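Chemist: Residue-level listing of the chains:
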Amino acid sequence: MSPTESPSRASTPGSTPLLEVRGLAKSFGDHEVLRSIDFTLDTGKVLVLIGPSGSGKTTVLRSLNGLEQPDAGTVSVAGGEVAIDFAGPVSAATRLALRDRSAMVFQHYNLFPHLTVLQNVTEGPIVVQKRARADAEAEAMALLERVGLADKRDAFPFELSGGQQQRVGIVRAVALRPQLLLFDEPTSSLDPELVGEVLTVMKELAEEGWTMVVVTHELVFAREVADEVLFLDGGVIVERGAPERLFTAPTQERTKQFLNRLLFPF
Amino acid sequence: MSPTESPSRASTPGSTPLLEVRGLAKSFGDHEVLRSIDFTLDTGKVLVLIGPSGSGKTTVLRSLNGLEQPDAGTVSVAGGEVAIDFAGPVSAATRLALRDRSAMVFQHYNLFPHLTVLQNVTEGPIVVQKRARADAEAEAMALLERVGLADKRDAFPFELSGGQQQRVGIVRAVALRPQLLLFDEPTSSLDPELVGEVLTVMKELAEEGWTMVVVTHELVFAREVADEVLFLDGGVIVERGAPERLFTAPTQERTKQFLNRLLFPF
Amino acid sequence: MDWELFWVSLWPIVRGGLVGTIPLSIASFAIGLVIALLVALARISGIRVLSGIARFYVSVIRGTPLLVQLFVIFYWLPSLGLLIDPWPSAVIAFSLNVGGYAAEVIRAAILSVPKGQWEAGHTIGMSRTTTLRRIILPQAARVSVPPLSNTFISLVKDTSLASLILVTELFREAQKIAAFSQEFVMIYMEAALVYWVFSLVLSTAQSRIEKRLDRYVAH
Amino acid sequence: MDWELFWVSLWPIVRGGLVGTIPLSIASFAIGLVIALLVALARISGIRVLSGIARFYVSVIRGTPLLVQLFVIFYWLPSLGLLIDPWPSAVIAFSLNVGGYAAEVIRAAILSVPKGQWEAGHTIGMSRTTTLRRIILPQAARVSVPPLSNTFISLVKDTSLASLILVTELFREAQKIAAFSQEFVMIYMEAALVYWVFSLVLSTAQSRIEKRLDRYVAH
Amino acid sequence: SDAPDAGAEASDGLTLAEVQESGELVVGTEGTYRPFSYHEGGSGALTGYDIEVVTAVAEKLGVEVTFEETQWDAIFAGLQSGRFDIIANQVSINDEREAAYTMSDPYTVSPGVLIVADSNTEIASFDDLSGFSSAQSLTSNWYEVAVGYGATVEAVEGWAQAAELLTQGRVDATVNDELTFLDFEKTEGDTGLKIVDETDDASLNAFALPKGSDDLAAAINEALAELRADGTLAAISESYFGSDVSE
Ligand SMILES: Nc1ncnc2c1ncn2[C@@H]1O[C@H](COP(=O)(O)OP(=O)(O)OP(=O)(O)O)[C@@H](O)[C@H]1O
Ligand SMILES: Nc1ncnc2c1ncn2[C@@H]1O[C@H](COP(=O)(O)OP(=O)(O)OP(=O)(O)O)[C@@H](O)[C@H]1O
Ligand SMILES: [Mg+2]
Ligand SMILES: [Mg+2]
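Residue numbers (our numbering), protein chains in the order written: chain A, 1 to 266; chain B, 1001 to 1266; chain C, 2001 to 2219; chain D, 3001 to 3219; chain E, 4001 to 4247.
Okay, chain A solo, but in the shape it has when bound (with noise of 0.2 Å):
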């Protein structure tokens, strides 16, 4: 999370993007959930994703981080170090492989309730990267540090408010050095006053330079922070563009209902 050991990873020659997502397709059943999804996302850029519920924001996202399987589509990491057909039959090392570039933060944090704080951190370090025990710990103990949770570290998830978790569901994410963060609603659970903390620490990742895909309803983040808008509905992507255009001035009728109701909700 310090500038130098971080994003590394990701710093590929800057012409190619990290992530290029092509024509993704996806349904339940009957229910086509996602269309055909096309975005790409340069290093170093957030993207957000905005839309009503239902619209298929998450199944985006945990395609992306391998926990759901699109029925059609293409998805390209680093340039084609990973690069994934969903078209043909995906190999669980394909997934592995996928995984390994991208972190996911879930809404709900879904930390592990029986490890503690710094046992959350360390255990994809150490049980899936392999490395030093020592060595995983130092590094978690900085972010933890950085995120305010240093003397946490021996608490067990149950005895942590809302922001807290969520904090630790982010530093275990950034604790991979994925090429890729991935947000789903990180703050929709959380009680109102608790949303800045967690909303600070995602702005200074962001400044940073980590690349970073955001589900999110906190519009005054999406400001300040995004790259990339996408105004998700149904499956397709209505509209898409560079934050301060696509919330002042939507040309699609669907995103100004939309953006209405977030705005001015009765």
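I should point out that these hints are in silico values taken from the structure, not numbers from a laboratory. As the structure is a computational prediction, the values presented were derived from the model and not from experiment. C-beta: ideal position from N, C-alpha, C; glycine also. Warning: the hint list may mix true and false statements.
[As the list claims (entries may be wrong)] Cβ-to-Cβ under 10 Å is the rule here; a few derived chain D residues that face chain C:
| # | residue |
| --- | --- |
| 1 | G3063 |
| 2 | P3065 |
| 3 | L3066 |
| 4 | V3068 |
| 5 | Q3069 |
| 6 | W3076 |
| 7 | S3079 |
| 8 | Y3101 |
| 9 | E3104 |
| 10 | Q3182 |
| 11 | V3185 |
| 12 | M3189 |
| 13 | Y3195 |
| 14 | V3197 |
| 15 | F3198 |
[Claimed, not checked] The calculated label-pair distances, taken between Cβ atoms and stated as ranges, are:
| # | chain 1 | residue 1 | chain 2 | residue 2 | range |
| --- | --- | --- | --- | --- | --- |
| 16 | A | A134 | B | D1071 | 48 to 56 Å |
| 17 | A | M141 | B | V1220 | 40 to 48 Å |
| 18 | B | Q1257 | A | A134 | 55 to 63 Å |
| 19 | D | L3082 | E | T4167 | 44 to 52 Å |
| 20 | C | E2210 | D | P3088 | 33 to 41 Å |
| 21 | A | M141 | B | A1150 | 56 to 64 Å |
| 22 | D | R3128 | B | T1248 | 55 to 63 Å |
[As the list claims (entries may be wrong)] Computed list of lysine-lysine pairs in DSS-like fashion (alpha-carbon distance at most 30 Å, straight line):
| # | chain 1 | residue 1 | chain 2 | residue 2 |
| --- | --- | --- | --- | --- |
| 23 | A | K130 | A | K256 |
| 24 | C | K2211 | D | K3115 |
| 25 | D | K3115 | A | K203 |
| 26 | B | K1203 | A | K256 |
| 27 | A | K130 | A | K45 |
Once you've looked at the hints, dock chains B, C, D and E with the ligands against the given chain A.
Modeler: For chains B, C, D and E with the ligands alone, kept in the frame of chain A given last:
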């Protein structure tokens, strides 16, 4: 919910307040959660409680519904028709009388999952208040109609969205024709786009003249609907006033800090 | 394998099940559930004496062999002047046994209903008892079907012990046939087969009930 | 009540428990748990053949009397040329039995761990197996202690059937004394008392373990 | 307890040579059937009439004797599966058993007796038994006797339960071995029970061997004859029953 039928029981002679709370105090073990809470509420008025997490808002509300037993203080409803002094033992009958006057809408809806929407609403009127089934069902349907859920009468709660569930939760409370409606963060487990539909219903209730106590972080709603706002912190009322005044010119430093955190999260 | 013996033995064994095992199981289970509910309520009542008694009862029932429970009721109570016929004795013993085991299941099921459901009941003006009856128990019922059906399937096989106190049932019939034919192993396996078929029927019934009770939860 | 007989009988009965019942229960339970875990994993594997076999196994074990399972292993397998000594036979039979019952418990416990825990394991790069081992099972363990300790307490009493296949244990000792003294009711009650004491010890152990495993959940 | 290795060839029956080669005769017995097979003092050494007889027989055959104890339910299954070489547990000779096993010559001859409570005046003989209830162990041939006289049979596990049921007045009668009753009387003193009739035909009780063990049975019969001739059987019998019941 139509003005003719509902807050009828609430129409006590104008002068005495509907609700009078004096010196409410409550500890859990060593932890003093409420210190000395005083307020009154006139018939047809809306009181909003705000304050940081753990400040005691829910505890106040639960005390008014007999779900929590304060250690000291008095609550008097309708000019003493129900009068409780918590310093002494409170009989089950008194607690039931208090519940008879008030009804709660919960943050997590707490609908009865094994009953249909209509049954959820009529359970209280039929089983507790011994009203005729046909009568109770007719009134329930009228209320469901008003919140746009008449067609869901036979659905089970799991088949509804959060916003729909919360609207049923409100109707369930209103169908009891209580003198006092209590809302504990009724929109905070809802998707942002669904918040509006619930707030709209609440606003209509306020306009119809229901007496309400609402815990919420929706400042826009509070500004528009509340007659008075109490800011709680550490179990005491730090500041109180009309929303226009309190939100724009708080006199207390703590109030200012809290509002700042809500309005400008990061 | 003596198939002729197998076939002539089948009906007596099944009949033993139909006139002994099944009615005994059903009667004991029904009464046992009532006991279990009362014991579970006693345990969560918060009244110390009551919950102490309930706890002791459960501990004794689960801690001692069913066979001895049967013997105490049938052979020992008469020494206190209480002479109970075989069938009633069996029903009493098995009911008490089910009561002890199922009490824990029901208690856990009641505790598994979220606290918010109690509060929702209270807020619409219900007393503790009404909330329990109309709100909590219907939801607890759903959770307790699988473990209770385990208890029932165990009971079906346990009723074979009733033969020790002069009740004729499935296994006793098998023992009789085995004693005369000297084909112990085969006849016992045949009895096991019949038990197995009974238990398959029960499992099917269980799934049916579960489906019915599950209609109000998301999948 | 013949107190002299009571006191002289106590040690032989307790000794039967210590050399027979307890070691047999512990060995069978330990092996049974391993079987149960494998069967539970087979059932949730999603591989149709595997889960079919597991389902059949559980159905047979739970659907047939334990007595017959013992008979089949000890008295029937020899007719297929497989002659197993009494102790190993008993351990096999009881382990398989525990395996069937506990499999369902473990399966339910695994399924009770929220799906989000699997996904959290996956997102930090763990394979299915690693997630299961490091994330899911430790959490499932906590949920399964109470039902598994039920299984264990039942097993302790069920081991009395081992005397049918020549294993000496607590209840067999009681039967010997009862046969000699003709005081079967009293002696059986004495045996029940000893079982009860054993089960109290087990319950205490259970609470200890539960407390330990509960340290990471809110109360 | 070692399982006998003789069992592997059990299906074809046992020969003397096989037993002598293994050096031991594995005997299945209940250990809970007083005074034939029981534990001294309840948890002492295995003893009893059948135990002593079969031990003497084994001595004649020149082999050690090993006892395996189990319940009636399992005792024949044990013989059939080769767990034991022989059953010594007052097995009465009847047609089914002769068809299923090789039976030795009898070493116990005892009449069956009809036992009722002292207060019972209605049942004076087997002919009165019809319509009354009788407690019987399923595994003895007295079961068939009771059925033959028209009694309603209640199945019990053994003598102790039958006696208890009679005393409690829950059954009207029981048919059993005279020897069992005499032993019971000897230990209990006043039993509150009485013998009212005796069968014409005595029951003949013998050792059961796996089917086809004619060679071994012949050797055992020879041993029994020798023990009879030298008075050993009579002496054992006297010590348990005060009379010679071996023929
Ligand atoms: N496993 C599943 N099986 C069936 N339908 C599913 C599944 N997962 C998601 N869906 C459906 O796919 C649609 C899109 O879901 P998704 O979670 O991606 O939406 P979302 O935009 O993240 O919504 P939200 O804002 O509510 O999180 C929804 O209609 C949802 O019901
Ligand atoms: N049953 C209880 N036992 C112990 N402590 C409790 C209990 N209920 C509430 N508390 C404590 O009382 C304090 C006030 O709780 P309360 O729920 O009233 O706060 P709140 O203002 O509603 O907070 P939030 O915004 O998080 O809902 C908190 O510190 C809480 O931990
Ligand atoms: Mg989503
Ligand atoms: Mg609250």
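Chemist: Indicate, hint by hint, whether the structure satisfies it.
Modeler: Okay, the hints, checked on the actual structure:
With a cut of 10 Å, the hint placing G3063 of chain D at the interface with chain C holds, because the nearest CB-to-CB distance is about 4 Å. The beta carbon of P3065 of chain D comes within 5 Å of a beta carbon in chain C, closer than 10 Å, and the hint placing it at the interface holds. Given the 10 Å rule on beta carbons, the hint for L3066 of chain D holds: about 8 Å separates it from the nearest Cβ of chain C. Look at V3068 of chain D: its Cβ gets to within about 4 Å of chain C, closer than 10 Å, so that hint holds up.
A least Cβ separation of about 8 Å between Q3069 of chain D and chain C falls short of the 10 Å threshold, and the interface hint therefore holds. For W3076 of chain D, the interface hint holds, the least distance from its beta-carbon to any beta-carbon of chain C being 5 Å, beneath 10 Å. Contact between S3079 of chain D and chain C, as hinted, is supported at the beta carbon level, the nearest pair being about 8 Å apart and thus within 10 Å. Among the interface hints, the one on Y3101 of chain D holds; its C-beta lies about 8 Å from the nearest C-beta in chain C, closer than the 10 Å criterion.
For E3104 of chain D, the interface hint holds, the least distance from its beta-carbon to any beta-carbon of chain C being 8 Å, beneath 10 Å. Nearest Cβ of chain C to the Cβ of Q3182 of chain D: about 12 Å, over the 10 Å cut. The hint is violated. About 5 Å separates the beta-carbon of V3185 of chain D from the nearest beta-carbon of chain C, less than 10 Å, and the hint is met. Here the hint on M3189 of chain D is kept, as its CB sits about 6 Å from the closest CB of chain C, short of 10 Å.
Using the Cβ-Cβ criterion of 10 Å, the hint placing Y3195 of chain D at the interface with chain C is satisfied: the shortest such distance is roughly 5 Å. For V3197 of chain D, the interface hint holds, since its Cβ comes within 10 Å of a Cβ in chain C; the closest pair sits about 8 Å apart. The criterion of a C-beta within 10 Å of any C-beta in chain C is met by F3198 of chain D, whose closest approach is roughly 8 Å, and the hint holds. The beta-carbon spacing between A134 of chain A and D1071 of chain B, approximately 51 Å, falls within the hinted interval of 48 to 56 Å.
Distance hint check for M141 of chain A and V1220 of chain B: the Cβ-Cβ separation is about 42 Å, which falls inside the suggested range of 40 to 48 Å. Checked against the given bound of 55 to 63 Å, the beta carbons of Q1257 of chain B and A134 of chain A, roughly 41 Å apart, lie outside it. Remark: the range hint 44 to 52 Å for L3082 of chain D to T4167 of chain E is upheld by a beta-carbon distance near 46 Å. With their beta carbons about 39 Å apart, E2210 of chain C and P3088 of chain D fall inside the hinted range of 33 to 41 Å.
Separation of M141 of chain A from A1150 of chain B is about 58 Å and conforms to the stated range, judged on CB atoms against 56 to 64 Å. Distance hint check: the CB atoms of R3128 of chain D and T1248 of chain B are about 56 Å apart, consistent with the given range 55 to 63 Å. Restraint check for K130 of chain A and K256 of chain A: not satisfied, since their Cα atoms lie roughly 49 Å apart, outside the 30 Å limit. Only pairs whose Cα atoms come within 30 Å are accepted, and K2211 of chain C paired with K3115 of chain D is accepted, the gap being roughly 22 Å.
About 29 Å separates the Cα atoms of K3115 of chain D and K203 of chain A, which keeps this hinted pair within 30 Å; it holds. Proximity of K1203 of chain B to K256 of chain A is assessed by CA-CA distance (about 24 Å); at most 30 Å being required, the pair is judged to hold. With a CA separation close to 29 Å, the supplied pair K130 of chain A and K45 of chain A stays within the 30 Å bound.
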